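Go ahead and model the full structure; you've got the sequences and the hints to work with.
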Amino acid sequence: MIQVTGLTKHYRAPKKAPGLAGSLRSLWRREWETVKAVDGVSFSIAPGERVGFLGPNGAGKTTTLKMLSGLLVPTAGEVVVAGHRPTGRAPAFLRRITLVMGQKQQLLWDLPARETFELNRALFDIPRAGFQATLAELTDLLELEALLDRPVRNLSLGERMKCELVAALLHRPDVLFLDEPTIGLDVRMQVVVRRFVEQWNRRTGATVLLTSHYMADIAALCPRVIVIAGGRLRFDGPLAALVAEHANDRRVVVRTLREPTPEELAAAAPLALEDGALTALVPAGAVKDTVDRALRALPVADLTVEEPPLEDVIARLFAADGAADGAGRASPA
Amino acid sequence: MTSAAPPAPAGPGLAPDDLGSWRHLLRATPTLMRVATAGMVAYRAELLIWFLTASLPVVMMLVWDRVAEEAPVGRFDQASMAFYFLAVLVVRQLGGSWVIWELNHAIRTGALSPALLRPINPLVVYGADSVAEKPMRVVLLVPLVLAVWAWRPEMTLPVGPGGLALAVVSLALGWLLNLLVQVAFGCLAFFFTQSLGLFGVWFGLWALLSGYLFPLELLPGGLRALVHWLPFRATLGVPVEILTGGLRGADAWAGVALQVAWVVVAWAVAAFAWRRGVRHHEAVGA
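So the sequence lines, in the order shown, correspond to chains A and B. Note that the first sequence covers residues 1 to 333 in our numbering. Note that the second sequence covers residues 1001 to 1286 in our numbering.
Since the hints were made in silico from the structure, they are not lab data. Because the structure is a prediction, the values reported are computed rather than measured. Careful: at least some of the hints might be erroneous.
What the hints assert, rightly or not - Capping the alpha-carbon separation at 25 Å, the derived lysine to aspartate or glutamate pairs in DMTMM-like fashion look like this:
hint, chain 1, residue 1, chain 2, residue 2
1, A, LYS104, B, GLU1046
2, A, LYS288, A, GLU259
3, A, LYS36, A, GLU180
4, A, LYS36, A, ASP249
5, A, LYS104, A, GLU31
6, A, LYS288, A, ASP302
7, A, LYS104, B, ASP1129
8, A, LYS288, A, ASP275
9, A, LYS15, A, GLU31
10, A, LYS104, B, ASP1251
11, A, LYS288, A, ASP249
12, B, LYS1134, A, ASP110
Next comes the structure, spelled out in structure tokens:
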């Protein structure tokens, strides 16, 4: 459904030395640098797949989604989405995709959401009967019947996102590009959006490419993840493989019957007090030793060994990539 | 999959194919108008303020009424001068476009991106917005027109049904020209932040040279001949002159032909600016 080969996007950005002298010099002679936002990324996504698109801020995720939806033209590379080249945004292509941006809205601010839905019906030329059926299905799934006639400005952030999803899906696109759809939402609403995306994917077989900074979104929705950092592809595969590859550490957490003495604490190192429990992040191979030491040295009430949170795994992956990349992304033009 | 992909289109513009198929457009128009009208009703307080800002002709009517008190100015006595500015008021309100503000806002805030992902060109939606606000402006105009007529009951409509019909066509052309000029200026927001400032320069010239502040036939001969051919008059002066009897018969048709010519030029410029602007947007993002 999505075929991306050598996708590249380079920007030319003005470069200015700091201070007044730098400002004056840039007035006279402006220097430019090339920013490699996306640098030769290739992947393909099969129909009906749900794929998480991960990367630190500035990694090139949104730039990639914009190229896949036709809003940005690649500097180089080949993109085919649902049998179309996105560049130029042909109407036949736009009818098969949607892009939901958590930080930008398409809803008409001072009108009830129903008016935006009607507008989209006309703009996408959706037959009336099909429109009514899809709207009923979506409002039922998202439980927002009562909100349809309320001005958008009077809706909460979560309610607005539900309406954004409806507006984006009325034309029943085959490909959903979701760029941080849960940003700013409370935990309950994040779960609602997540469940909805999964249900919609199962019902319609739509392909989903999702970016999110909330790893819970990715863990709940995406069997497969693509990681980019510094504009380059870093990982493409099952989420479990990503965790196994980059999560060699385990978190050992020990709760004690009473407050341990300084001597007991010293004997239980590297366990240290953190949020009312003794915890340590140790390599998988050192778990046994750490547990043995804790059981010997401490009055243990409870002991758990956890895989590190997905956030930690990703943060470490990004940190390693950032260190490897350094400032290599920008080059003088 | 790659081999099945059709060649990429040349990019969006203002040609019929780019605007969406005509049949699709026709089907969509009632809904676009209805939703735009709902928007106008939601923004009724703002519309009243916009209406008042475009009501300078009422002030000019009072100023020129004093000037014409002693003796007629050109062909204008007090009644015909009042009718001239009443016509200016009506043409300004019904033939005006304020799309540059929406376009500028959409480009600068990134709101244009979702609009570009719909199969009908966003400019069509802006055009529908502009048309949809007209009934509301008519509602606001009616009491004002009646008040002026009560103030100068000797005013008469100097044109027959044919002239009136041609004035309506001319008004529509003036509106389209205004819209296209604003699209062209609005597209400058793709490239730099001062598009509204540049439009301010255009507006200053327009106010002086369109017939908005005074009848252009009061200008001295050489300047009048020059202003006659400029686009400013084509947006407002021509329909006002037809409505007030200043242009009749073949002259009126020549005025409309001038408007058509400027619409063609403005369409080409707006299409070029839009195409280049969107291309820039596609290159650097928003």
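Hint check:
The straight-line distance between the Cα atoms of LYS104(A) and GLU1046(B) is roughly 24 Å, inside the 25 Å bound, and the hint therefore holds. Between LYS288(A) and GLU259(A) the CA atoms are separated by roughly 23 Å; this keeps the pair inside 25 Å, and the hint holds. As the CA atoms of LYS36(A) and GLU180(A) are separated by approximately 22 Å, the hinted pair is consistent with the 25 Å bound. Simply put, LYS36(A) and ASP249(A) have alpha-carbon atoms about 33 Å apart, too far for the 25 Å limit, and the pair is violated.
Restraint check for LYS104(A) and GLU31(A): the C-alpha separation of about 32 Å exceeds 25 Å, so the hint is violated. Note on LYS288(A) and ASP302(A): the hinted pairing holds, with a Cα-Cα distance of about 16 Å set against a maximum of 25 Å. For the hint pairing LYS104(A) with ASP1129(B), the CA-to-CA distance comes to about 21 Å; that is within 25 Å, so the pair holds. Note on LYS288(A) and ASP275(A): the hinted pairing holds, with a Cα-Cα distance of about 23 Å set against a maximum of 25 Å.
Taking the CA atoms of LYS15(A) and GLU31(A), the gap is about 5 Å. The hint holds against a cut of 25 Å. Restraint check: the Cα-Cα separation between LYS104(A) and ASP1251(B) comes to about 51 Å, which exceeds 25 Å; the hinted pair is violated. Straight-line distance between C-alpha atoms of LYS288(A) and ASP249(A) comes to about 13 Å, which keeps the hinted pair within the 25 Å bound. This hinted pair checks out: LYS1134(B) and ASP110(A) have alpha carbons roughly 19 Å apart, not beyond 25 Å.
The earlier numbered hints that this structure contradicts are 4, 5 and 10.
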